[in-house]
Amino acid sequence: MALRFELVTPAKLVRSEDVHMVVVPGAEGEFGVLEGHAPFMSTIRDGAVQVYKTAGSAPEEIMIQGGFAEVGDSGLTVLAEHVSE
Amino acid sequence: MASLKELKGRITSVKSTQKITKAKQMVAAAKLRKAQARAEAARPYAERLAAVMASLATKVSGDNAPRLLAGTGSNQRHLLVVVNTDKGLCGGLNSIIVRAASAKARELTAEGKDVEFYLVGRKGRAPLKRNFPNDIGTQFDTSQVRDPGFEEAEQIANEVIGMFENGRFDVAHLVYPIFQSALVQDPTVQQIVPVPAPANAGEGSVNSGAVVEYEPSEEEILEELLPRFIKTQVFGALLEIAASEQGASMTAMDNATRNAGDLIDKLTIQYNRSRQAAITTELIEIIAGAEAL
Chain B
117 MALRFELVTP
127 AKLVRSEDVH
137 MVVVPGAEGE
147 FGVLEGHAPF
157 MSTIRDGAVQ
167 VYKTAGSAPE
177 EIMIQGGFAE
187 VGDSGLTVLA
197 EHVSE
Chain F
1464 MASLKELKGR
1474 ITSVKSTQKI
1484 TKAKQMVAAA
1494 KLRKAQARAE
1504 AARPYAERLA
1514 AVMASLATKV
1524 SGDNAPRLLA
1534 GTGSNQRHLL
1544 VVVNTDKGLC
1554 GGLNSIIVRA
1564 ASAKARELTA
1574 EGKDVEFYLV
1584 GRKGRAPLKR
1594 NFPNDIGTQF
1604 DTSQVRDPGF
1614 EEAEQIANEV
1624 IGMFENGRFD
1634 VAHLVYPIFQ
1644 SALVQDPTVQ
1654 QIVPVPAPAN
1664 AGEGSVNSGA
1674 VVEYEPSEEE
1684 ILEELLPRFI
1694 KTQVFGALLE
1704 IAASEQGASM
1714 TAMDNATRNA
1724 GDLIDKLTIQ
1734 YNRSRQAAIT
1744 TELIEIIAGA
1754 EAL
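Chains as they are written, first to last, in our numbering: chain B, 117 to 201; chain F, 1464 to 1756.
Extracted from the complex, chain F is given alone in its bound form:
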């Protein structure tokens, strides 16, 4: 049985751990609110862009469609853009993303395709490198920036589009979590290059039936729009990961705080018991001594 002093030391150390996890939880809660507000603010742009894309994509199709929409005609080489967090202490978030990315990569490899990774964020690097030591391509560092914003998204998208134009890959997928709630983040795999045909094609925001004038031509507008659309997708992923990180962190730290509380209770009971035992032994010794006289 541990001595009284040892027990006391352990109680103090668990208490200070609890203080840290509690502080981290509160910080995450505050940051989560901010991240959610940012995600909310980005929605109008994404919605309008998607609507315009949908109405344009139906008009421009066939042979004269830009390569970013039509693809290279082959789907042999795949690029997986995996978005992870930069910091830890957010529960299983990074491992579920890595698991989703690995599953996708294995599925593609099983079909005989080539897979390359493009990693955003620091936390996914080590596990993915362990699983696929030869397939790690570029790593984009977001750890220097406090809140990855549109500029980072722009850089990532430009790099990916550049790789596409240089013929480094045929299809690109974006792997990121979708923030459902502080408890649930769903890892998602989404194709970004070639841009998938919009689901709600035909019912764009542009006037139904009315003749719309384009300046310059539809093709040229679409050509300008596609890179922008990809940027917006990447930006969306960065916002989702930010919200997910804070949400997961909040939940994980809440659990840690509660566990620390339980541990403190248990240790305190143990401490009191051994203290009482020590006192009883002392008393018995004194009484026995007095009786012997």
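Bound-form chain B, shown alone:
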């Protein structure tokens, strides 16, 4: 059970890895994405993306600004303009 997670900025591909779950700060509320999520697209408000590597682990937070998230067959792709770790 792994979710393909990609975090991309204009300057580079920040993350491309398999994770358990990612919580994304969507424009209309946070949403968690697990593997097998239905196709979904949302804009993002500035905030932290929480990445859970495994089921019980503490989340890793990545601050992002301006962007949107897309969930498809290939996993979750977050496009952000600015990223600070």
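Bear in mind the hints are in silico, worked out from the structure with no lab data behind them. It is possible that some hints are incorrect.
[To be verified] Taking lysine to aspartate or glutamate pairs in the EDC-like style, the calculated list, with each CA pair at most 16 Å apart, reads:
1. F:Lys1550 x F:Asp1604
2. B:Lys128 x F:Glu1614
3. F:Lys1487 x F:Glu1676
4. B:Lys128 x F:Glu1503
5. B:Lys128 x F:Glu1510
6. B:Lys128 x F:Asp1610
7. F:Lys1478 x F:Glu1682
8. F:Lys1522 x F:Glu1676
9. F:Lys1494 x F:Asp1610
10. F:Lys1497 x F:Asp1610
11. F:Lys1485 x F:Asp1725
12. B:Lys128 x B:Glu201
Once you have looked at the hints, place chain F on chain B.
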């Protein structure tokens, strides 16, 4: 015929010129590699954004499409965003960009449209101002920044979008070189506002056939996405100009180094010839003097 001392001086000066051009060539080669890596790194973002744009743009069309996609309904006033370099020593790069921009401007003027320029980079200003003294609008300065990056692209795009929303122009084109290789940079004119309908419409990255949920609505997402798309286009142009500048500079400096080498060879031969001539004359004088005794 130049004296021996003069020749020697000229040889030294050409040699030091050659050293400079050679150093500049090596610097450009190193920077080119970096610029290419940066252009490479920007590709995933641009590709994904274009794919999402394509799938969204087909869904949202007609009357409720945002103005950045649909346009103002007229195409009378055109804005040419011309991206040039800040520094020289890069061969004919800036002049081919200026030529492409001027050609586009003349074509538009011939059709009776109004043209305004938005200049990025220092080198294009003078020639364009000479050709179109009344049409130069804003100039964006990138000379203070070492590597123009996304932040500059953001500023440029925001300014252009602001001008569009204030009704300053109807259509905007971006003029920049596409980096093919160190030898070839193709000047390109690309429409950025209104955003042209994506070519690969319908085959986005989103699951084929599956129902995609949007949050908020498609229109709102598209509205957010369009400015971002324009920013990415401008950013791409900045990366291309950076790579092109270094590539063109490398080629130009390679040529200059080779020319300096040829010149040094020629001058050295001339120097040796006149030295030998001087020695021969001296010998003849000594022999003639001895014989006279």
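Decide if the proposed pair is consistent with the structure: F:Lys1522 and F:Glu1676, CA atoms, cutoff 16 Å inclusive.
holds (13 Å)
Sort out whether F:Glu1614 lies within 16 Å of B:Lys128, counting only the CA atoms.
Holds, at roughly 14 Å.
Are the Cα positions of F:Lys1478 and F:Glu1682 separated by 16 Å at most?
violated (64 Å)
Taking only the CA atoms, is the gap from F:Lys1497 to F:Asp1610 under or equal to 16 Å?
Roughly 10 Å separates the two Cα atoms, so the pair holds.
Going straight from one Cα to the other, do F:Lys1485 and F:Asp1725 come out at no more than 16 Å?
This hinted pair holds, its Cα atoms lying about 14 Å apart.
Take the C-alpha atoms of B:Lys128 and F:Glu1503, compute the straight-line distance between them, and say whether it is at most 16 Å.
holds (9 Å)
Verify the proposed pairing of B:Lys128 with B:Glu201, using a straight-line Cα cut of 16 Å.
holds (14 Å)
Are the Cα atoms of B:Lys128 and F:Glu1510 separated by 16 Å or less?
Holds, at about 12 Å.
For a C-alpha distance cap of 16 Å, please report whether B:Lys128 and F:Asp1610 respect it.
Holds. B:Lys128 to F:Asp1610 sits at ~15 Å (cutoff 16 Å).
16 Å limit on alpha-carbon distance, applied to hinted pair F:Lys1550 and F:Asp1604
holds (12 Å)
Against the 16 Å threshold, does the CA-CA distance of F:Lys1487 and F:Glu1676 hold or violate the hint?
violated (54 Å)
16 Å limit on alpha-carbon distance, applied to hinted pair F:Lys1494 and F:Asp1610
holds (10 Å)
When held up to the earlier numbered hints, the structure conflicts with 3, 7 and fits the remainder.
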